[in-house]
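There are 2 protein chains.
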Amino acid sequence: MTDLLLRNARPWTPGEPLAITDIAITNGRIATPAGDAAQVIDLDGAIVLPGFVDAHCHLDKTMFGGPWTPNTGGRTLEGRIRNGEGRREELGLPNPDYAANLLSAMVSHGTTHVRSHIDIDPEVGLGGVEAVREAAARLAGKVDVELVAFPQGGLLTRPGTAELLEAALKDGVEVIGGLDPAGFDRDPAGQLDLVFGLAERYGAKIDVHLHDQGLLGAWEYELIIQRTKATGLAGRVTISHAYAMGGLEPDHQRRIAEGLRDAGVAMITCAVGGAPVIPVRLMDEVGARLAVGNDGIRDLWTPYGDGDLLRKVNQVAFRDRLVADEEIELALAAGTHGGASVLGLEGYGLAIGCNADLVAVDADAPAEAVVSVPQRKLVVKGGNVVAHNGTIIG
Amino acid sequence: MTDLLLRNARPWTPGEPLAITDIAITNGRIATPAGDAAQVIDLDGAIVLPGFVDAHCHLDKTMFGGPWTPNTGGRTLEGRIRNGEGRREELGLPNPDYAANLLSAMVSHGTTHVRSHIDIDPEVGLGGVEAVREAAARLAGKVDVELVAFPQGGLLTRPGTAELLEAALKDGVEVIGGLDPAGFDRDPAGQLDLVFGLAERYGAKIDVHLHDQGLLGAWEYELIIQRTKATGLAGRVTISHAYAMGGLEPDHQRRIAEGLRDAGVAMITCAVGGAPVIPVRLMDEVGARLAVGNDGIRDLWTPYGDGDLLRKVNQVAFRDRLVADEEIELALAAGTHGGASVLGLEGYGLAIGCNADLVAVDADAPAEAVVSVPQRKLVVKGGNVVAHNGTIIG
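Residue numbers (the working numbering), protein chains in the order written: chain A, 107 to 500; chain B, 107 to 500.
Since the hints were derived computationally from the structure, they do not count as laboratory data. We put the CB at the ideal spot given by N, CA and C, even for glycine. It cannot be assumed that every hint is accurate.
[As the list claims (entries may be wrong)] Examples of chain A residues lying across from chain B (beta carbon under 10 Å, computed):
| id | residue |
| --- | --- |
| 1 | Glu364 |
| 2 | Gly379 |
| 3 | Ala471 |
[Unchecked claim] To spell it out: a stretch of chain B is covered by chain A in this simulated footprint if at least three of its residues, at any positions, have a beta carbon under 8 Å from a beta carbon of chain A; those stretches are:
| id | segment |
| --- | --- |
| 4 | 172-185 |
| 5 | 375-384 |
| 6 | 425-433 |
| 7 | 470-477 |
[Said to hold, decoys possible] A short list of chain A residues far from chain B (calculated; beta carbon distances all over 12 Å):
| id | residue |
| --- | --- |
| 8 | Gln145 |
| 9 | Gly180 |
| 10 | Glu195 |
| 11 | Ala246 |
| 12 | Arg264 |
| 13 | Asp277 |
| 14 | Arg292 |
| 15 | Tyr308 |
| 16 | Gln332 |
| 17 | Gly353 |
| 18 | His358 |
| 19 | Asp426 |
| 20 | Glu452 |
| 21 | Leu484 |
| 22 | Gly489 |
| 23 | Asn490 |
Given these sequences and hints, build the entire structure.
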């Protein structure tokens with residue numbers, strides 16, 4: 107017996123044409139239709155995508171759904187870090203209510219999986235982990251949240267942080283983060299050795315924030331590639347932001363992309379500010395993995411953001427001048443399958459046997475969905491309808 | 107007697123704090139409240155902005171509201187130009203229905219004034235002028251449209267185009283356009299002399315598309331500044347896109363911005379693709395004029411765009427890393443007062459005596475309106491309500 111039957115759907119698999127079909131869901135998984143269906147929804151030709159994966163956000167920092175808070179962080183990395191820490195207490199951050207507000211918005215927009223960095227430093231300790239876990243528990247069954255123990259205030263330069271990161275990993279946090287090993291921490295080999303050492307010891311994945319620009323940033327990519335090869339952590343290491351990548355000379359970009367592919371290192375773009383985005387077509391052509399995240403949303407770092415990953419995919423595609431349908435679909439693939447690969451999700455996709463995590467949108471073509479960012483018609487997580495016409499259910 | 111009374115409004119004037127007040131409208135203008143009001147609308151504290159000015163779009167090219175048309179233009183300027191001309195006939199462009207669809211969307215988003223470039227070349231002749239005039243006539247009273255006679259296919263390099271541009275100006279088209287005098291037409295002095303000559307002869311304004319990057323683009327800014335000073339066309343000359351500007355060294359940027367200010371030349375940014383946007387704070391600090399436009403929308407050049415100028419203002423602000431409220435308001439000022447200055451609008455703004463062209467949005471602060479891009483609560487043009495909760499009336 108089928109639990110949920112989605113009639114007249116057009117499921118999307120990257121690179122393949124769409125066709126009308128029915129999607130049957132049984133026991134939370136996509137299944138072969140069998141017998142009567144307990145629930146039937148006619149999608150009337152809507153495109154069905156696997157659930158969006160927000161591979162990079164900061165749930166602990168957000169003030170989403172709270173009053174407007176004018177930003178006082180300025181434009182330097184150091185100024186933002188100081189602002190972020192300095193005003194946390196005044197604004198009651200981290201706050202599980204705000205984090206839950208944002209997760210709810212994400213669900214309403216079709217995001218089924220999230221990786222959130224959590225600031226860890228001697229002042230806040232593991233408070234952010236607790237707050238975001240509480241928020242994620244409230245949204246249990248609607249969205250899965252993976253955490254990164256993130257040394258936002260520095261690692262080597264901030265005594266006490268390394269011990270707290272280790273405590274977070276012991277406590278089950280899945281990913282260890284890093285922050286500009288050169289530009290901020292000033293000892294790239296030292297920071298990366300520490301991060302990779304912790305990852306090996308605790309079986310954690312790695313996700314390093316890398317804002318450093320130009321040849322400095324590119325050189326750090328090489329350090330990360332090198333260490334990933336040396337440690338056998340292929341497939342478990344990600345460079346977030348990678349602002350330098352978009353500005354490198356084409357042959358240098360290609361060399362880096364091939365290095366990423368060979369070492370099994372992924373990149374995540376959030377299409378932030380003025381830096382050119384990571385070149386989507388090159389990453390695909392070379393076979394290097396790329397994912398998309400919303401980054402900070404309505405927090406002390408940035409006043410922007412709405413939690414809609416499809417809109418972020420739109421920005422990535424627009425910024426990278428993707429115009430042909432098959433190019434635009436590469437950005438959509440980064441926001442879905444690319445993110446799933448970075449998070450190491452099993453059973454992701456729309457094939458028979460996959461987890462029934464999906465989102466339906468009205469559009470002629472997948473590329474049109476990226477361009478027009480329509481309201482989400484239906485969001486299904488683990489086989490249950492969790493949002494309908496842009497509104498979360500329950 | 108007051109025709110329309112907007113109660114509990116918070117009108118925005120750049121740089122000034124908001125306060126609750128009533129806005130009275132009589133005979134299409136903002137007036138002192140007097141006697142009873144024929145119509146009263148309670149805005150419940152909504153922020154009221156002057157109507158958005160889309161200072162750069164391409165109504166003749168759009169397929170807005172039509173079926174999804176995969177883009178085949180590629181990424182080079184020349185490829186896009188060829189694609190744009192080559193597929194016009196097949197797709198029935200220019201098309202007054204599509205142009206009217208787009209104008210309607212713009213009205214629903216609060217745009218009250220539009221400057222549209224119109225492709226003019228020996229194949230299409232003045233067909234675009236006719237089509238867009240027809241569309242504008244259908245939207246008469248809801249939005250004002252100014253046209254630019256635009257040599258999209260080249261000017262000196264495309265025999266017959268100069269004569270057609272002149273014919274357009276004779277026919278009442280308000281602005282004469284140009285296109286990369288160096289990078290595309292290969293004779294910068296020749297093209298600019300021709301454009302400035304036509305502007306002087308017909309009392310037209312000037313708006314030059316300038317995609318050329320780096321020092322080549324910057325050098326062309328200087329040519330335009332020079333000619334503007336020499337011809338006494340101060341206040342009537344605009345450089346659109348100006349991709350080079352955002353990438354120049356800071357002292358060079360400042361020198362250019364000061365030159366623009368001294369000569370009365372404006373710039374328009376559409377926050378397109380990968381090039382850094384025109385630096386908003388510098389332009390304001392120096393006193394140079396900046397406006398915002400949506401550029402192409404759903405056409406053979408680009409599949410992107412929705413006609414919402416507030417969302418474009420959001421992108422300009424995000425891309426330029428404007429974070430403090432007063433910085434974000436500079437982008438909003440560019441999308442309103444900046445555009446009004448470029449179009450040379452008289453009676454623009456929210457002061458007593460100004461034309462009653464305005465838009466109301468629910469937000470705590472003007473900066474929040476830019477960040478959250480809320481549905482427009484009310485749009486008034488010439489004293490009449492033309493859109494309500496995101497939907498055009500009539």
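To see whether the hints hold, each was checked on the structure:
1. Glu364: violated, 22 Å
2. Gly379: It holds, given that the least Cβ distance between glycine 379(A) and chain B is near 5 Å, below 10 Å.
3. Ala471: holds, 5 Å
4. 172-185: holds (count 8)
5. 375-384: Result for this restraint: holds, n = 4.
6. 425-433: This one holds; 6 residues, not fewer than the three required, reach chain A with a Cβ under 8 Å.
7. 470-477: holds (count 5)
8. Gln145: holds, 30 Å
9. Gly180: violated, 7 Å
10. Glu195: The assertion about glutamate 195(A) holds, with a minimum of 21 Å to chain B.
11. Ala246: At roughly 28 Å from the nearest Cβ of chain B, alanine 246(A) sits farther out than 12 Å, so the non-interface label holds.
12. Arg264: holds, 24 Å
13. Asp277: holds, 33 Å
14. Arg292: It holds; arginine 292(A) is separated from chain B by about 24 Å at its closest Cβ, greater than 12 Å.
15. Tyr308: At roughly 36 Å from the nearest Cβ of chain B, tyrosine 308(A) sits farther out than 12 Å, so the non-interface label holds.
16. Gln332: With a cut-off of 12 Å, glutamine 332(A) remains clear of chain B, as the shortest Cβ separation is near 29 Å.
17. Gly353: Glycine 353(A) is in fact no farther than 12 Å from some Cβ atom of chain B, at 9 Å.
18. His358: The assertion about histidine 358(A) holds, with a minimum of 17 Å to chain B.
19. Asp426: Its Cβ does come within 12 Å of chain B, the nearest being 7 Å, so this is violated.
20. Glu452: Holds: least Cβ distance 34 Å, greater than 12 Å.
21. Leu484: holds, 21 Å
22. Gly489: At about 31 Å from chain B, glycine 489(A) clears the 12 Å cut-off, so the statement holds.
23. Asn490: holds, 29 Å
The earlier numbered hints that this structure contradicts are 1, 9, 17, 19.
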